[in-house]
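Visitor: Line by line, the protein sequences are chains A and B.
FYI, our numbering numbers position 34 of the first sequence as 39, with every residue one higher than the one before it.
FYI, our numbering numbers position 12 of the second sequence as 17, with every residue one higher than the one before it.
If you're looking for bench data, these hints aren't it; they were derived computationally from the structure.
Model, not experiment: these values are computed from the prediction.
Mixed in with the good hints there might be a few duds.
[To be verified] Derived DEER-like restraints, expressed as beta-carbon distance ranges:
1. A:E230 to B:E56: 23 to 33 Å
2. B:A194 to A:G59: 46 to 56 Å
3. A:R201 to B:W266: 24 to 34 Å
4. A:Q46 to B:E32: 52 to 62 Å
5. A:T227 to B:P119: 48 to 58 Å
6. A:S70 to B:R187: 28 to 38 Å
7. B:L68 to A:E259: 23 to 33 Å
8. A:Q74 to B:R187: 47 to 57 Å
9. B:E125 to A:R66: 36 to 46 Å
10. A:L159 to B:D237: 31 to 41 Å
11. B:D43 to A:G59: 24 to 34 Å
12. A:R62 to B:D118: 46 to 56 Å
13. B:D237 to A:R66: 18 to 28 Å
14. B:D237 to A:T227: 37 to 47 Å
[Unchecked claim] If we take Cβ atoms under 8 Å as the criterion, some of the chain B residues that face chain A in the derived model are:
15. G147
16. P219
17. R250
We put the CB at the ideal spot given by N, CA and C, even for glycine.
Number of protein chains: 2
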Amino acid sequence: MAAPQPSAPTPKPGRLAVIGLGPGSAELMAPAVRAELDRAQDIVGYTTYVEMAGPFRPDQRLLDSDNRQELDRARLAFELAAQGRHVVVVSSGDPGVFAMAAAVFEVLEHSQDPAWHAVELTILPGISAAQAAAARAGAPLGHDFCVISLSDNLKPWSIIAHRLRQAALADLVIALYNPRSRARPDQFAEALTVLREIRTPETPIVLGRDIGRPDESLTVTTLGEIQPEQVDMRTVVIVGSSLTRRLARQDGAEWVYTPRWYADD
Amino acid sequence: MAAPQPSAPTPKPGRLAVIGLGPGSAELMAPAVRAELDRAQDIVGYTTYVEMAGPFRPDQRLLDSDNRQELDRARLAFELAAQGRHVVVVSSGDPGVFAMAAAVFEVLEHSQDPAWHAVELTILPGISAAQAAAARAGAPLGHDFCVISLSDNLKPWSIIAHRLRQAALADLVIALYNPRSRARPDQFAEALTVLREIRTPETPIVLGRDIGRPDESLTVTTLGEIQPEQVDMRTVVIVGSSLTRRLARQDGAEWVYTPRWYADD
Numbered sequence: 006m007a008a009p010q011p012s013a014p015t016p017k018p019g020r021l022a023v024i025g026l027g028p029g030s031a032e033l034m035a036p037a038v039r040a041e042l043d044r045a046q047d048i049v050g051y052t053t054y055v056e057m058a059g060p061f062r063p064d065q066r067l068l069d070s071d072n073r074q075e076l077d078r079a080r081l082a083f084e085l086a087a088q089g090r091h092v093v094v095v096s097s098g099d100p101g102v103f104a105m106a107a108a109v110f111e112v113l114e115h116s117q118d119p120a121w122h123a124v125e126l127t128i129l130p131g132i133s134a135a136q137a138a139a140a141r142a143g144a145p146l147g148h149d150f151c152v153i154s155l156s157d158n159l160k161p162w163s164i165i166a167h168r169l170r171q172a173a174l175a176d177l178v179i180a181l182y183n184p185r186s187r188a189r190p191d192q193f194a195e196a197l198t199v200l201r202e203i204r205t206p207e208t209p210i211v212l213g214r215d216i217g218r219p220d221e222s223l224t225v226t227t228l229g230e231i232q233p234e235q236v237d238m239r240t241v242v243i244v245g246s247s248l249t250r251r252l253a254r255q256d257g258a259e260w261v262y263t264p265r266w267y268a269d270d
Numbered sequence: 006m007a008a009p010q011p012s013a014p015t016p017k018p019g020r021l022a023v024i025g026l027g028p029g030s031a032e033l034m035a036p037a038v039r040a041e042l043d044r045a046q047d048i049v050g051y052t053t054y055v056e057m058a059g060p061f062r063p064d065q066r067l068l069d070s071d072n073r074q075e076l077d078r079a080r081l082a083f084e085l086a087a088q089g090r091h092v093v094v095v096s097s098g099d100p101g102v103f104a105m106a107a108a109v110f111e112v113l114e115h116s117q118d119p120a121w122h123a124v125e126l127t128i129l130p131g132i133s134a135a136q137a138a139a140a141r142a143g144a145p146l147g148h149d150f151c152v153i154s155l156s157d158n159l160k161p162w163s164i165i166a167h168r169l170r171q172a173a174l175a176d177l178v179i180a181l182y183n184p185r186s187r188a189r190p191d192q193f194a195e196a197l198t199v200l201r202e203i204r205t206p207e208t209p210i211v212l213g214r215d216i217g218r219p220d221e222s223l224t225v226t227t228l229g230e231i232q233p234e235q236v237d238m239r240t241v242v243i244v245g246s247s248l249t250r251r252l253a254r255q256d257g258a259e260w261v262y263t264p265r266w267y268a269d270d
């Protein structure tokens, strides 16, 4: 039975993939992510990450911007996918760790548009900045750990300080994201004050900056010695537990690792 | 100037790469890991993971076993690499997260053999089981979270219970590894008791079993409803924070995500 041809056909829902590039090197990006980027018609994201994800073909549209308006970016992606486009939203690291995946779900939950809900939505994970820094340093995340963002753009500092204190009391290794920016120059120092009340000055600290990118740097220091100026918004800070150890390397550098055992108390 | 030929030349130190296969699918394994596996002469690891890493060429030696003797496996890897071999130690997920990297450093630190310390040692990260489960479920790790192993093989239960309590008080999302095994059938129930004292029955829980492998399964439930029998040693359990939300999918299933914001208190 031939249906009458509608004058304005409802577009077939498209696909929206929220992908993680990993730390930066193509050698650490999942093949599933590479394939999704290759098939995409529209690539949405922060300019730095869209550039990391390329090169792209002339038929692929780059919808990148320099601002931090994650929700606007997520809405744009749904609008395009609802029109039937194959859209990729780009994050560095893992999109599920302080990145675009949560913003995409926030926008979807608050949308009443059935076309947005009909989009084929998929999240493709990536190796996070904390994992990349940990691997370069040794195995500081080798035992129980937590991952906390120091940004108070979306949560009050009181919550952050409370979480740091509880995590330190639990003797978890602590990976800190967004530790310090020009807009928040003092909060990393406040975080150190909280940690120094509970952990010893000898506690090893790993600073991983742009690990997996050409200008990567890795620093091993201690809670007693670290200066806030050593850290910026592109640094991941890994603060050891009471068991985290430093081990000399033959090249003069050091490994940092957290053993799997825990002494009986 | 021609040097005399030594009768027993000291072997050139080899290479030991501790690699993460990711959750299981080749599509989520980093190209750097694939390249390392292709170049390896000796592949050391738990049989299940070595099989996941293949196929291998006839000239590659597989030194796999079914036991959980991680330290023996790490020692074997150093012995081979110290003889000049190119050795890969295989973990699933990320080798730095409850896997072989920490065991390798434990063994290295306690070795006095300069040949072991001369080995070129590298750690290559992978996408962890928690990240794979989170991506399939939505974005439950979208905000501050912790990763805790419930295995008390190497740490006392009192430490585990303390960490769970502190993490719940900090309102962190909690990813639990090794939640339940035949040798430890009751500890997951004990963990739930700790969490239920602090978190509400409506707290969303994601159970990811073998995510990224052919027989993967994903379950969304709550802290009030979950039964310990739903979980085994191949399950990753993600317990939401007070903000973690469930969102209906058009296919009848649900997304689970943790928003990036935190209400001011």
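Visitor: If you check each hint against the structure, which ones fail?
Guide: 1, 4, 5, 6, 13 and 16
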